[in-house]
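Protein chains in written order, with our numbering: chain G, 1 to 429; chain L, 430 to 858.
Any given hint might turn out to be false.
Lysine to aspartate or glutamate pairs mimicking EDC-like chemistry, simulated, CA-CA at most 16 Å apart [said to hold, decoys possible]: (1) L:Lys854 with L:Glu442; (2) G:Lys134 with G:Glu155; (3) L:Lys436 with L:Glu853; (4) G:Lys210 with G:Glu179; (5) L:Lys675 with L:Glu630; (6) L:Lys713 with G:Glu150; (7) G:Lys284 with L:Asp560; (8) G:Lys68 with G:Glu82; (9) G:Lys129 with L:Asp560; (10) G:Lys7 with G:Asp338; (11) L:Lys741 with L:Glu853; (12) L:Lys558 with G:Glu179.
Derived by calculation from the structure, the hints in this document are not laboratory data. All values reported here derive from a predicted model rather than from experimental measurement.
There are 2 protein chains.
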Amino acid sequence: MEKKVYKDLSREELRQLHAQLSKEYADAKEKGLKLDMSRGKPSVIQLDMGMDIFDVLNAYSDMRNIDKVDVRNYGVLDGIVEAKHMMADIMGVSADHVIVCGNASLTIMYDTVSRSMTHGVMGSTPWCKLDRVKFLCPVPGYDRHFAITEHFGIEMINVPMTPQGPDMDMVEKLVAEDESIKGIWCVPKYSNPQGYSYSDETVRRFAALKPAAKDFRIFWDNAYSVHHLYEDRQDEILEILTECEKAGNPDMVYEFASTSKISFSGAGVAAIAASRDNLDFIKKSMTIQTIGYDKINQLRHVRYFKNFDGIKAHMRRHANIMRPKFEAVQQVLERELDGLQIGSWTNPNGGYFISFDAMEGCAKAIVAKCKEAGVTLTGAGATFPYGKDPMDSNIRIAPSFPTPEEMAQATDLFVLCVKLVSVEKLLGM
Amino acid sequence: MEKKVYKDLSREELRQLHAQLSKEYADAKEKGLKLDMSRGKPSVIQLDMGMDIFDVLNAYSDMRNIDKVDVRNYGVLDGIVEAKHMMADIMGVSADHVIVCGNASLTIMYDTVSRSMTHGVMGSTPWCKLDRVKFLCPVPGYDRHFAITEHFGIEMINVPMTPQGPDMDMVEKLVAEDESIKGIWCVPKYSNPQGYSYSDETVRRFAALKPAAKDFRIFWDNAYSVHHLYEDRQDEILEILTECEKAGNPDMVYEFASTSKISFSGAGVAAIAASRDNLDFIKKSMTIQTIGYDKINQLRHVRYFKNFDGIKAHMRRHANIMRPKFEAVQQVLERELDGLQIGSWTNPNGGYFISFDAMEGCAKAIVAKCKEAGVTLTGAGATFPYGKDPMDSNIRIAPSFPTPEEMAQATDLFVLCVKLVSVEKLLGM
């Protein structure tokens, strides 16, 4: 059957197509696939790439950092100085704006919201004492961000994403009008799930926001700052702390980053960057919460990567592993779906995800059909607050864990399900 | 001058004594000591003892645990199974009551209080929504416990410690009467700072408490469970989870422990133990707060210590390092202060501290005098909520960091200051 826009097909053509696709789907189920493209999990080969880090420290290592602090003992609340520099380089900020924490930036974000609930923000009323607290959520976005705000009973407001970032007209208007809006979740570079990077104008408009709430903060999750896929197609974004300073809003942003997808997921080093006043306020709670984070792991990372060039070199090898997986997905999507007008997808220059938009009302059914045939995708709706995609359209594809061959197989099944569900939708089945 | 009870001395004798002690103190200041016995910090030699742990993992290690989980990747929220067993053995509980977390039990305690503030306890009203929340604080106790409750605006009520544990008559009465009492801080074994261990009767009375508040919890910080000083003088305490179960109060206790003073301070592994219902509730927040703690460090610890016998053997070497420091302090205290009735002190079988009680109203002055001559002690009052020792009497001595020789030197100065301040007190100076 020649490639034709689905909605231009006659009912008879659709019926024939449906019969054919149903047969193909039945055959596909027979294959007994068992593939997971649901989460942004690094692959084994990617993890193997960093194994030399375990030879960095041995029984005879000097366990003092450049400040002659014994990293094995208590102390140094905000991270050893060389780890601050490492994380500062990753975020493109200066080291004196950085606190290095434990193994996960997600935990820092959770703790930041939690602290705002119980202790407010730099002297403001604790959010738990307020009748309403709201966050803006660019959609589609990262489900674990939305899970944090939902967990604390914070009301979430969807803001549409564009290839240049969130709809800034809407963001500006809402934060200026509503004092109960206390934050916005952002993944500014290679966004989750679309892989969009905020334009310079978007970043500048963020920095220049005039929120009604003095305790409004931008939660700037710079998770993929060095996670390019290509040598010749790389996004760069403006550094938000500097832009906020320039705009007279130095305290308006918290930036987060980690090495979870550089060294090891769950055993890396995470950090927060913010203005000195923010950091001072954060440390007041942090000094009660901990005597210090794992400085040995900080030292291990610094000695392994040596400097930012070391990280960039590591991430080039990382890109070489990731790129074929992304390309495998793109090839199948283009070959099978181009011109059918039953779906659109992103083709990012970095990050961990491809975002797919099916025809309205089809995402849940596609994910279910994939699951039934052995391919697990992120749950439909997961990219929206409360798990509710109002269009039931968006699906996040995570190519990182399977091999390129598996990704091609999984995507073959995916496009088949997209076609089948789309035809059923058009037939009103 | 012969040894005589100070308060039986005549004013003239006291004046002579004061002159002599003042001269000795002036001489001591000349020495320019610089010693720190303020915190329970492991010494370098103690940290060196565990360096082989860095040879446990290398670039060619199998990074899968016994369940074949790749510890480098995301997943396993509550800790790898062999780490659960390790921490369970340390606490004397069963592994299915354990969640293994990050590097610090202090953080787990903070997070536990914080979660109770924002989300309540197993369905109860969040504490931040209540007018008053109170904690019982056995005194003297651990300053960082008190700092957590103070940070969250929780009112603290002093409960006197005895060599058998907290005054249980008072505990029973208060928790039964007052629904706003939501918790009690306990260090049940080798308590901080006295080194007392709770008697079986005390533990059973704890387990049988009838608190007015359904969301009352015992915060059982079992920090020194394997931290004996002697082979032939070891305390053992009843296992609280089992006792609570037997008494029909299975949910009433959270137990905390870590390897901070077994492997490395700040780079160890920490855990919480509690009933299944408590753990299920905790995991609801934990699954939002993190994708998982550092499983690589968990695996490193388990492969290094192998089993509980490995930990016990390690702690015997630990005791060999610590014992001479404690003995150095005890010898000086006995030699210099015995029979003078100007102070009493504990002689614990384990833990990290010796507790000293000076004459009423003398602790601050003694600590200040020591500081002036180069010996840093824990701030007077630190062992009490709000930093306020109503008797200004208690001083915590932490012998772990200096060498035995330095501890003897430091204690020489300490007893001199105790004598001097006591004489001044008796003279009404």
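The hints, checked one at a time:
The hinted pair formed by L:Lys854 and L:Glu442 meets the criterion: a straight-line CA distance of about 14 Å does not exceed 16 Å. Our distance criterion of 16 Å between C-alpha atoms is met by G:Lys134 and G:Glu155, whose separation comes to about 4 Å. As the CA atoms of L:Lys436 and L:Glu853 are separated by approximately 11 Å, the hinted pair is consistent with the 16 Å bound. For the suggested pair G:Lys210 and G:Glu179, the alpha carbons sit about 11 Å apart, so the restraint of at most 16 Å is met.
Under the criterion of a C-alpha separation no larger than 16 Å, the hint pairing L:Lys675 with L:Glu630 is consistent with the structure, at around 14 Å. For the given pair, L:Lys713 sits about 12 Å from G:Glu150 by alpha-carbon distance, which is consistent with the 16 Å threshold. Of the supplied pair hints, the one linking G:Lys284 and L:Asp560 is violated, its CA atoms being roughly 24 Å apart against a limit of 16 Å. A distance of roughly 12 Å separates the Cα atoms of G:Lys68 and G:Glu82; the hinted pair therefore holds under the 16 Å criterion.
Restraint check for G:Lys129 and L:Asp560: the C-alpha separation of about 12 Å stays at or below 16 Å, so the hint holds. Of the pairs offered as hints, the one joining G:Lys7 and G:Asp338 holds, with about 14 Å between alpha carbons and a cut-off of 16 Å not exceeded. The suggested pairing of L:Lys741 with L:Glu853 is violated, with an alpha-carbon distance near 47 Å, which exceeds 16 Å. Of the supplied pair hints, the one linking L:Lys558 and G:Glu179 is violated, its CA atoms being roughly 22 Å apart against a limit of 16 Å.
In the structure shown, a violation is registered for the earlier hints numbered 7, 11 and 12, in ascending order.
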